[in-house]
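Which chain is which? The protein sequence lines are A and B, in order.
Here this note's numbering is used: position 406 in the first sequence is 407, and no number is missing along the way.
Here this note's numbering is used: position 268 in the second sequence is 575, and no number is missing along the way.
Hints should not be assumed to be uniformly reliable.
Said to hold, decoys possible - Listed next, with one range per pair, are the computed distances between beta-carbon atoms:
hint	chain 1	residue 1	chain 2	residue 2	range
1	B	THR432	A	SER39	54 to 64 Å
2	B	ARG500	A	SER133	32 to 42 Å
3	A	ARG179	B	VAL503	45 to 55 Å
4	A	GLY116	B	THR540	40 to 50 Å
5	A	ALA125	B	THR432	47 to 57 Å
6	B	MET434	A	THR200	51 to 61 Å
7	A	GLY15	B	LYS324	21 to 31 Å
8	B	VAL503	A	ALA110	16 to 26 Å
9	B	LEU390	A	ASN69	51 to 61 Å
10	B	ARG422	A	GLU274	46 to 56 Å
11	B	TYR457	A	SER133	38 to 48 Å
12	A	ARG179	B	PHE419	43 to 53 Å
13	A	ARG179	B	ILE430	27 to 37 Å
14	B	ARG422	A	ASP129	31 to 41 Å
It should be emphasised that the hints constitute simulated quantities derived from the structure, not laboratory data.
Because the structure is a prediction, the values reported are computed rather than measured.
No residue lacks a Cβ here, since even glycine has one placed at the ideal position from N, Cα and C.
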Amino acid sequence: MGGVVLQGVFKMFGGTAVVEDLNLEVGDGEFMVLLGPSGCGKTTTLRMIAGLETATSGQIIIDGRVANDVHPSHRDIAMVFQNYALYPHMTVRQNLGYALRRSGAEKQAVATAVGEVAASLGLAPLLDRKPSQLSGGQRQRVALGRAVIRRPKVFLMDEPLSNLDAKLRVEMRNELVRLQSRLGTTTIYVTHDQVEAMTMGHRVAVMHGGRLEQVGSPLDLFERPVNQFVAGFMGHPAMNMFQGSVARHASGRRFVGGGVEVPLLESDCHDGEFVLGIRPQYLRATRYSEGAVPPPDAIARARVDFVEHLGTESFGVLTVEDRTVVAKVEVADGIGSGDPVWLCGGRERAQLFELSTGARVVGGGASRAGAAAVAVAAGAASGAGAASGAPAASGAPAASGAGAASGAGAP
Amino acid sequence: MSRAAEVSLDHVVRGSKPGRVVTRLAFGWVVVILLAPFVVMALTAVTGNRAIAVLPARWIPKQVAWSNFTSAFTAVPLARYFLNSTIIAGGSTVLNAFAAVPAAFALARLRFRGRRAFLLFIIATQMISPIVLLIAAFKLMVVLHMINTYWALIFMDGSVSLPITIWIMTAYFSGIPQEIQDAATLDGIGNWRILVDHFIPLGIPGIVTALVFSFVIAWNEFLFALTFVTNPTIRPLTTGIYAFVGEAEIQWNYLMAASLLSIVPVLLIFLGIQKRLAAGLVAGAVK
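For reference, chain B alone in the conformation it holds in the complex (with noise of 0.2 Å):
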């Protein structure tokens, strides 16, 4: 290849110098709105309680107050609240797996009347707001004797998140081979068999996909947590460290001590799942 052509083809595979300056600023810019406000959190978390309320604000503290996540967790159950979003987050994403990964397989596999728009139909469940149907599942919380515990959380951030892990799951299972399926069938394997043998074990990515999104929105989950639940001892996070925002004054520093350790489970799992996650993800959209 002539110089002439490889200068040309650096430019249109690279871009012009300006361009790239260009480019590289913005996306500079972009992340540094995204961070912005995990750093004023960790900032916040570490500074004392006079220096807190000195006005105006100084975003970067003259002395680092790591007491604040000690003193966090004495202010208010915080190890209480751990345990409880654990138990509600973990319940829900169970539930998820044992109503997802059947449902999946069947719309990805089974061929039915009404599949389509069943699949359709589950996911305009997601256009809808949760707090629309907040008044509605009060009152059903009511009648099942579920306020107060953690099955009315447990079931309704399972039931929130229940239409994106299917559809997650049925993206998956739709790219293993049909073949493996056929070949069951002739081995004389019944659905649930084939289901247990050769999905689960083949679709471990987008499963684990799809519960890490669920773990995650019943992890965060605030609305029903804050209705459904009064009694302080099977408070989850969310609604827990709201106890720092006082009627009086708000606790900035362990309100963000607080909300930056309730980050660290949900980071950990995304860390350990990472790769998992991306096949997950991806999975269909190459042979």
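So that you can see chain A by itself, here it is in the shape it has in the complex (with noise of 0.2 Å):
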């Protein structure tokens, strides 16, 4: 087995960087998952890793050795195509023997290594199938077939699930999973689909523009991203952002915007304007009376749009002000289109970011790593309460700038 290791490698397509300075180091046996929207340059990272596009500069190391130069067939990968790219003329048995034959092993080894490999992907009785006659699942799995019979150093993945409905998607995840485990092959993986990546993956490495965003586990770019870009692109649904203000108030440090009030410890960050990122995990949508008084976390007033039931839980979409949140909604409060409620929770996990940079500069992950992060004041909060949902109830203004808070959570 072996690893690989990018050193500021770019890609340029004309005048334009596809792949900027990007630096990367994946271990020996590793899952290390690309991740990353549309034209961010992952797909063309894989390109290069394989030795299907050059590196305009920088360097890829496979397993020791610098592979640069190194033609494709020589780098000792196999890599697992979005739309399979079987052979559509040969069977399966010649699909999978095709590399071990053109390599020149002898008929005998060929027939007994796709023997194996066909037992252990369940192909054994598809053999003298074409691709044609099989089916979305069973394709997938003679294209990992190919892949695994020949025993590479590196498996190079370029989103293998997409074409895949729902539930073969999942089944086909687990597999993966198991067989890289079993194999212990190092691995990479190229998906825009991040509930693939948090499954799957040993490490996460983020893209976006052409630029490698973060590298960590999947728990740490859900709990503690570095910008905005990854707190909104980790997670489903998306993070939840509200662009506004910190600024001291008789109540201590509070950030005001998005139609939203949320008290701030004072030594968390500066006065000045940022943009809340809190999950819809860790927020909560409760019934609203009028004249009730409001619960002690709440943090603004909205409107049910609608509710989207997931089965396991529920999410609101709600409206605050004229922006879009989502929260979790308890189906036993019997919460509906239309219903008023208060939003409230998510102190304790929030996220400010950098309004100019987008730049993490506190909270995320607070609970876990034994710091408060953007805990809120557990007076303000008490005391604060009827105030913070006052917000959106009294039409106070929202934070300045558009698109202050996102249901979808795109930056």
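Two chains, two frames, a set of hints: combine them into the complex.
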């Protein structure tokens, strides 16, 4: 097995930099996920590692050897493509054995290897079928088998599950993880699906605009994103973002903007313009009653647009002032479309990002890390309960700037 | 959907009744014009020697003279001409296949400087009428000692159709997913092997389409055959049946019978590969 190291890798197409100064180290036997939106350069990075694209500058090191000038076939890697790239005119047996056959392996050895791989992937009954006679999942397994049979040092996978239906995708996801764990082969897996990234990768490298934003374990990225982009990209539903300002008030330092008002610790940050992010999982909508005392951790008043029932939990898509916010809803509360609600909680897990750079300044995983991030001053929380609900109710002006809050979480 | 809406939609989709009648008449007229030469050819081919000389000409013969088809074979060495045409058209098609398939693969899939310019140059050669090349080609054939040989026509017919075959195959190869080439590259296969193992099997519809064009162009070629071949034993059909055009008279019935027979192989080829031809011609139109 072998690790992969990218050192200062650039890829230019004409005058456009598709990958910029990429530095990434993938350990021997590690399952690394390259995650990012379309056009962020993740597939180009994978193709550069494969040798199907040439790096404009920088070094690509595979198993300790600089591979920039090494032909793809000599890099000892195998790739699984998004559309499987099976040879349609060949049977499953021929597809699986093709690389071995062409490398000069003996007929008997090829047949044995094909038999073993087919058995391990449940392809034995399908060996004499052509790809067109297979289902999506079966094709995917043939593509995997074709990669596995060569026992390469590195697996490269380019969104291999994106053409499968949701149920099959989950099955194949598990199958892939088991396979990688069993073989212990270094794997670099490209996806734009953060659920795949979170569930499959030992580590995840988030890319955006050709740059590497952050590398870390899935939980690290979820709890401690380095910037607003990573925070918004990781997690489903996406993080709620509120643009506003932090300033000292009579009751202490507070974030006000995007229709919410959140008390902060004095030491958390300086006064100024920020973006506050709170994941939907840490926010909840509770029923609003005219004249009733608002919950102590209420941060805004909102109206329910609709409720999404996901089975294990439900999320309400709410409007706070004129912005969309997503928060958990208890089915037992009987909250439905059009209901007025209090938006509560989330303060302990809220994260602040610099408005100008998007970099995280405080918060995120505070409880795990043992550091008080955007912990709400207890007194302020209770004392400001009514006040914190006030902005929306009283029509206090929202933070300046359009799109201060985004239910979609896109930065 | 309401009745009124249905009627309205029907009107949009199918057009008004008078409009449909006019359209059908127009199409019918086009079909008549297209078929007329073949009908005249077929009727003339079965007109007897006496009837053909009658003036004013009768379009439909009183007696059908099937013997014209056998007489055409005895009047000139028609079987030999068929064989010659088959050798020449087949040879130029094979030559085309060997030259156009790798060229199309390179143009479709390999990145090299001047690729696009070369592709445009190839199609630009199609703009030149063969007659412009005739004298130069004749001199070349003399230098190469190819006058009165099959090779002269094989090479010239092959080179005339080469640009169009390259273009058809390039378009088809371009439609084969890049990932198949990438997968083969990662499997350790070189470009030649990728071509042989994958692009040729997957490109069969496009290749067949292109080669049919090549065959038909060579089968119907007249100018080079008339110029480069004077030896009757290697004459193709096109110039062979020209023998029915004498100085004193033209044996129209034999000429048409032979012409009709000369169409048969091409017609059979088209019928045989009709489905693949359609697939090849529309390749790349949609994903």
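Violating hint indices (sorted, rising): Hint check: 1, 2, 3, 4, 7, 13 fail, others pass.
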